[in-house]
Amino acid sequence: MICPKCKSADEVRNFCGNCGEELKEKCPECGQMEWIGRKICESRISKIKNEKESFIDKAMLPAKIVFSISVLMIIFMPYVAMEFISQVLLGLKGYSRLSLELSMAPGVCTAISAGFWWVRREKKAKEKFSQLHPDYDELLKKAEEEK
Numbered sequence: 001m002i003c004p005k006c007k008s009a010d011e012v013r014n015f016c017g018n019c020g021e022e023l024k025e026k027c028p029e030c031g032q033m034e035w036i037g038r039k040i041c042e043s044r045i046s047k048i049k050n051e052k053e054s055f056i057d058k059a060m061l062p063a064k065i066v067f068s069i070s071v072l073m074i075i076f077m078p079y080v081a082m083e084f085i086s087q088v089l090l091g092l093k094g095y096s097r098l099s100l101e102l103s104m105a106p107g108v109c110t111a112i113s114a115g116f117w118w119v120r121r122e123k124k125a126k127e128k129f130s131q132l133h134p135d136y137d138e139l140l141k142k143a144e145e146e147k
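For the sequence shown, counting from 1, position 68 maps to 68 in my numbering; every step adds exactly one.
Hints were generated in silico from the structure; no laboratory data involved. Since the structure is predicted, the reported quantities are computational estimates derived from the model, not experimental observations. For each residue, glycine too, the CB sits at the ideal point set by N, CA and C. Keep in mind that a hint or two might mislead.
[Stated by the list, open to error] Below 30 Å or equal to it, Euclidean Cα-Cα: the simulated DSSO-like pairs (lysine-lysine) are:
#, residue 1, residue 2
1, Lys-64, Lys-49
2, Lys-141, Lys-124
3, Lys-24, Lys-141
4, Lys-49, Lys-24
5, Lys-141, Lys-123
6, Lys-126, Lys-39
7, Lys-39, Lys-64
8, Lys-39, Lys-24
9, Lys-52, Lys-5
10, Lys-7, Lys-141
11, Lys-24, Lys-52
12, Lys-58, Lys-141
13, Lys-49, Lys-39
14, Lys-39, Lys-142
15, Lys-123, Lys-52
16, Lys-52, Lys-39
17, Lys-64, Lys-5
18, Lys-47, Lys-142
19, Lys-52, Lys-26
20, Lys-141, Lys-52
21, Lys-64, Lys-47
22, Lys-141, Lys-64
23, Lys-142, Lys-26
24, Lys-58, Lys-126
25, Lys-142, Lys-7
26, Lys-7, Lys-58
[What the hints assert, rightly or not] If you anchor each label on the Cβ, the simulated ranges turn out as follows:
#, residue 1, residue 2, range
27, Lys-124, Gln-32, 32 to 38 Å
28, His-133, Ile-75, 35 to 41 Å
29, Lys-26, Gln-131, 30 to 36 Å
30, Val-119, Ile-36, 36 to 42 Å
31, Ile-36, Val-108, 51 to 57 Å
Based on the provided sequences and hints, a complete structural model is requested.
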């Protein structure tokens, strides 16, 4: 925040450290203390950001589940599959490197595709939120410009 009186910068206090001028005032929208001269209520921006984050989190739940399952497949499937591939299919008495690599392939492939799906789904969720709340998008852009 730049002091309107002496033009010195002060980001943490309610009053200018240089001249003592008040830097915050009560917001007429929410009643919280906000920087003088701000164009948008910080409490409102915070509420919008939380709502957007919540919307995206809910949209991302299926992708998070698939990704988590693929990671579990990578971790646990090799140990289960190594025994099966080594002893039943290959007739070996111990673990082989081939059985380990073969058993990890489905988990790795699933994790890679889930990662791509994650990115696409997150982008679509942000677009959907913007479509549902175009006014929120404008306020968030104004808030970013103000900083």
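Unmet hints by their number, sorted upward, for this structure: The structure conflicts with hints 7, 9, 17 and 26, although it agrees with all the remaining ones.
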